[in-house]
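Protein chains: 2
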Amino acid sequence: MTLERILPFTRTLLNDVLTEGDVTIDGTCGNGHDTLFLAKSVGKTGKVYGFDIQKDALESTYQRLLDAEQTAQVILTHASHATVKDVMDPEDIGRVSAAIFNLGYLPGGDKSIVTKPEETLQAVTDMLTLLRSGGLLILVVYPGHPEGKIESEMVTDFASDLSQSDFQVLKYQFINQINEPPYILAISKK
Amino acid sequence: MTLERILPFTRTLLNDVLTEGDVTIDGTCGNGHDTLFLAKSVGKTGKVYGFDIQKDALESTYQRLLDAEQTAQVILTHASHATVKDVMDPEDIGRVSAAIFNLGYLPGGDKSIVTKPEETLQAVTDMLTLLRSGGLLILVVYPGHPEGKIESEMVTDFASDLSQSDFQVLKYQFINQINEPPYILAISKK
Numbered sequence: 001m002t003l004e005r006i007l008p009f010t011r012t013l014l015n016d017v018l019t020e021g022d023v024t025i026d027g028t029c030g031n032g033h034d035t036l037f038l039a040k041s042v043g044k045t046g047k048v049y050g051f052d053i054q055k056d057a058l059e060s061t062y063q064r065l066l067d068a069e070q071t072a073q074v075i076l077t078h079a080s081h082a083t084v085k086d087v088m089d090p091e092d093i094g095r096v097s098a099a100i101f102n103l104g105y106l107p108g109g110d111k112s113i114v115t116k117p118e119e120t121l122q123a124v125t126d127m128l129t130l131l132r133s134g135g136l137l138i139l140v141v142y143p144g145h146p147e148g149k150i151e152s153e154m155v156t157d158f159a160s161d162l163s164q165s166d167f168q169v170l171k172y173q174f175i176n177q178i179n180e181p182p183y184i185l186a187i188s189k190k
Numbered sequence: 001m002t003l004e005r006i007l008p009f010t011r012t013l014l015n016d017v018l019t020e021g022d023v024t025i026d027g028t029c030g031n032g033h034d035t036l037f038l039a040k041s042v043g044k045t046g047k048v049y050g051f052d053i054q055k056d057a058l059e060s061t062y063q064r065l066l067d068a069e070q071t072a073q074v075i076l077t078h079a080s081h082a083t084v085k086d087v088m089d090p091e092d093i094g095r096v097s098a099a100i101f102n103l104g105y106l107p108g109g110d111k112s113i114v115t116k117p118e119e120t121l122q123a124v125t126d127m128l129t130l131l132r133s134g135g136l137l138i139l140v141v142y143p144g145h146p147e148g149k150i151e152s153e154m155v156t157d158f159a160s161d162l163s164q165s166d167f168q169v170l171k172y173q174f175i176n177q178i179n180e181p182p183y184i185l186a187i188s189k190k
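Protein chains in written order, with this note's numbering: chain A, 1 to 190; chain B, 1 to 190.
Same shape as in the complex, but just chain A:
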């Protein structure tokens, strides 16, 4: 057997939690693969809030959604995921089933634009208040470059300090690879 790699395992987790009509967040649209996956999972009656600080990323995300005829349920915002609370419909607060943040740089994009640790912690903190009970926040962290290393340690420390009476926090990591590959922090709200 092959143990489920990082990207497929995020999909397995999302499949376990999502149903039609759910409210979801893609904190870092990147090339839009996760955004499209969320859009299909929640369907036309659901909602996906998508964020990215790179205009190119949002454009390719929008194109991908358009090609798949999945734009109707997606709200794209050209801003950091730290703004999620400002953008969101107030009635969706506390109703989010799943959110996914890829903390790092846009694959194939401008590697000088990275997510900022302080903004990330604020966004993670906000996210946890937005989740419904049983909702899931998936963080894919990239410790393989210097800023990513700092960010991954800050986020992992933060997550490991969350109260176990309020959250489950799972770390899913391949530990024998060189170049510090990405790993998953999955936070489920009780």
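Hints in this document: simulated from the structure, not taken from any laboratory. Certain hints may be false.
Unchecked claim - Within a straight-line C-alpha distance of at most 27 Å, the following computed DSSO-like cross-link-like pairs (lysine-lysine) qualify:
# : chain 1 : residue 1 : chain 2 : residue 2
1 : A       : K190      : B       : K171
2 : A       : K85       : A       : K40
3 : B       : K171      : A       : K149
4 : B       : K149      : A       : K171
5 : A       : K171      : B       : K171
Starting from the structure of chain A, add chain B where the hints point.
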């Protein structure tokens, strides 16, 4: 959703790799729950080598197998899993699909009898040579007591040094719990 806890996740991994007729190893029978699970998974045409250093553990394992009419495919040995290579049918070398070791003490049993780190590393090393390509070794490590802490660190260091061209090594751990709960090291042979 509830993220899959340690015991259920070991079962998920075993279900993914096992089919009827497979050769398997339970390195630490304990109360026999895993032994019975393996026995049912591989069926009468398969094989389960079961080990425990506590006689009581083997007796309750045997009783559990007997009650479920699953003794035929199980070879129980009252010895450390470090002896696995001596006990095994030579034709099964390199044919093992899955092995599971609970590194710690028998739940509810004599807590002064723990697995020894040196024996554990030897057994893990041996196990990796016994696995077939695609075979899986699951280590459930218990860092919550002093000997377990030392053992878990030794085993985790060992596993993280395995070559990524030969093995995938996954660590599956809940990181926000007090009292250092057990975690999984899953080693898949390429």
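Outcome of the hint check:
With a C-alpha separation of about 23 Å, the suggested pair K190 (chain A) and K171 (chain B) falls inside the 27 Å cut-off, and the hint holds. Of the supplied pair hints, the one linking K85 (chain A) and K40 (chain A) holds, its CA atoms being roughly 23 Å apart against a limit of 27 Å. Distance check on the hinted pair: K171 (chain B) and K149 (chain A) sit about 19 Å apart at the alpha-carbon level, within 27 Å; holds. For the proposed pair K149 (chain B) and K171 (chain A), the alpha carbon gap of about 19 Å is at most 27 Å, so the pair holds.
For the hint pairing K171 (chain A) with K171 (chain B), the CA-to-CA distance comes to about 8 Å; that is within 27 Å, so the pair holds.
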